[in-house]
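Asker: Here is how the chains run, residue by residue.
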Amino acid sequence: MDKVNFLFVGVGGQGTLTASDIAAQVGIDVGLDAKKSEVHGFAQRGGVVESHVRWAPQVGSPTAEKGTVDYLISFELLEAARWVDWLRPGGTVIVNTQQIAPMSVTVGDKTYPAPAPILEALAGRAGRVVTLDGLALATEAGTARAVNTVILGALSALLDTPAGVWEEAIVRRVPPKYTDVNRVAFQLGRAAVG
Amino acid sequence: MKQLLSGNEAIALGAWEAGVRYASAYPGTPSTEILEALAQYAGIVAEWASNEKVALDAAAGAAFGGARALAAMKHVGVNVAADSLMSLSYTGVRGGFVLVSADDPGAFSSQNEQDNRHYARFGKFPCLEPSDSEEARQFTRLAFDLSEQFECPVMLRSTTRLSHSKSPVDVTMPEGARELEPLPPFERRPDRYVIIPAIARRRHPEIEQRLLDVAAWGETAPVNRIEWGDRSVGIVTCGMAYQYARELFPGYSILKIGLVHPLPLQMIRDFAAQVDRLVIAEELDPIIEEQVRAMGIDCIGKDVFPLVGEFTLANVRAAALKAGLPVAAPDVAEVEAEPPALDVPPRPPALCPGCPHRAFFFTISRWQNKAIFSGDIGCYSMGVLPPFEAMDMLVSMGASIGMAHGVKQAGAQETPIAIIGDSTFFHSGLAPLANAVYNQSEIVVAVLDNRITAMTGGQEHPGTGITLQGAEGQRIEIAPIARAMGIEHVWEVDAWNLKAVRDTLRKAMEVKGGPSVVVVKGACVFTPYFQRRPVAAVDTEKCIACGSCFRVGCPAILKSDEIYATNGKHKSRIDPLLCTGCTVCMQVCPTQAIYQTGGE
Ligand SMILES: Cc1ncc(C[n+]2csc(CCOP(=O)(O)OP(=O)(O)O)c2C)c(N)n1
Ligand code: SF4
Ligand code: SF4
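From first to last, the protein sequence lines stand for chains A and B.
Residues in the first sequence are numbered consecutively from 1, following our numbering.
Residues in the second sequence are numbered consecutively from 1001, following our numbering.
Honestly, the hints are just simulated from the structure, not real lab data.
Small disclaimer: the values here were computed from a predicted structure and weren't measured.
Treat the hints with care, since some could be wrong.
Partial list, derived from the structure: chain B residues whose beta carbon lies under 10 Å from chain A [unchecked claim]:
#1 L1004
#2 P1330
#3 E1488
#4 P1576
Every residue, glycine too, gets a C-beta built ideally from N, C-alpha and C.
Construct the entire structure; sequences and hints are all you get.
Answerer: Below, the structure written as structure tokens:
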């Protein structure tokens, strides 16, 4: 595992950028070079958020090429479908099943596709699709705000990196009073990957 | 110790290490975080200026006084500051002066893709361009040294991709950094700093000589370096393009240019002579390429690489392949982007639930036949999107008032409504308002005062009275300014009171003989002044699926699964997690089906 491309996607306000920050930090902590790059133009106003993380002995471009992403981590169901062609055929998708309706659906005439065809589209490209209900698991851990920790837990379970490195990188980023909740959320996320 | 820093954070670190005493900026993506980071360091005065020219002037004053000073802005901000910048090159500076220009190839959050390296050529001062965060830190320090060595302003050019990418930076404090003596007494140099025509004429040849001196320095300085490899292809590149070139042409020779103006022409000439095919890989305009061609050297450049938009691994690779260059294969088998198997609806940005701009746009969107909507830049630019579609022109910050004035003076039948935010009003709204009063145009100026610079992530400004470093000072109110300009008809109105907004704007449109001003007051939901109220809910018994509430464009209002039998349409429902209880949708519902809940 000397070269890994991650793409974190979601909707503004979901914590996508923090999660990608932590993933980049883990890359450094395990002794690799790492870069991350985000586009968050209208993040605050419910737009699409994308953030690339790359690990390698030496990283050049901070963004991966379309079709070469090893792990697509989507915080929202529809966004996974929007970005799936960035995935390397046979790559892995982690998708939080939360659904956030875009304005083109609520105000416009578009429809939010049903979960089944979305998951089918993902499976058509990915070697593995991991779905999880981040909100339920985070709530179970003690706070709805730990969704991104749950998702990082799941991601860590798929990678050949020590879990402790991830857990410490997460803990360094959260206020001390949320440390324990986040440790639980992390473990729930890991356990969610069968 | 290595730490992941964004390009902007690294620029701030470098400036602090370089001993910057004063920094000023007007926010603008992707430059905003530079000052936000600098403001955290001890021993620096870091300020939000009311606009970019003020920021540059203030930093210039500090540099005339002998201090190291920095001004930061997005690329189009340099246009605002350009008047001073061009002549600051003539005056030169005493303390190091660095202008950070954050360009936006790809126009992720800008009105154009201008390449600000042109300013360095235009103004005849040096420009440095880093390729990652570590270089951003080092080049910032170097920029201050260069500025003092050659007594000139230095531009540090960043781009969105650099400013908003994180890469490892050595944050160990280098020796000798940040040891400041008290500022020496002010040294008068009117022969330099008072740029009257006689002095400008004397200075001009000195400026030309200075540029030659900097170029000579650049020929041997380590900011420009050659990474020799296979010499069948040699690539000249700079900035982020270097990263793509390095990754796509492993093993080939690269001339990496850090000083992008003036170019090390001799170095390029020598490099070109030693490689079989010379390639120039630069994002946006062919600035290096034109200078290389002017030396009579043939190269591959914009004939293959994109002139428009941001470089990516994919588009640089595709261009290189087309030109028959030995580009590395992608990490995986080439995959044509398959058309997505399902129709993925777009996710456009929208005014937040509770946004104070909503009732205003809902109101004016009904007046397409009697008003012209002269827009400006801010969150309210989203007024152009459905469901409002109420913006007819938008060019640059502050332009709304001047454009409204011009179209009316030219004889427009409709009443122009200039739509401008509070931060933009202080940035560049005062002069055109004075102009409208002076020339007596019958326009309505609607100032959407949400007590923040929201679009760029929530910065303070003169209308909020709080400084970047947290001092609370004088808040400047907008209505009294308008009155002081002699405008008779000035109103303030509650942003969430639909009827008041409508009635007041109607009155304003009746005013004859000069401009009227309506200040629509309501704080952005991300400010501490915004007051949440109990969330709204839809009484499905009363809902007739008329769709009125959808036309306020609130992301909290969703289609319910329940269908109203009479028209077969979806009834509404409200997401209680998103709703802020602003009541605007309640005010448009014809059957009073939307009510405020108990508040839990
Ligand atoms: C010359 C220039 N400087 C900065 C920007 C970046 N920018 C876009 S809108 C905006 C300010 C918006 O504030 P305001 O007018 O108060 O509107 P709001 O977003 O709060 O609704 C800024 C700083 C720009 N586009 N052009
Ligand atoms: S950030 Fe503030 S001003 Fe901008 S859309 Fe949201 S509520 Fe409105
Ligand atoms: S009251 Fe209506 S318009 Fe206001 S935030 Fe709630 S749903 Fe949106």
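Asker: Next step is simple, just say for each hint if it's right about the structure.
Answerer: To see whether the hints hold, each was checked on the structure:
no. : hint  : in the structure
1   : L1004 : holds, 6 Å
2   : P1330 : holds, 6 Å
3   : E1488 : violated, 37 Å
4   : P1576 : violated, 14 Å
Checked against the numbered hints given earlier, this structure breaks hints 3, 4; the rest are met.
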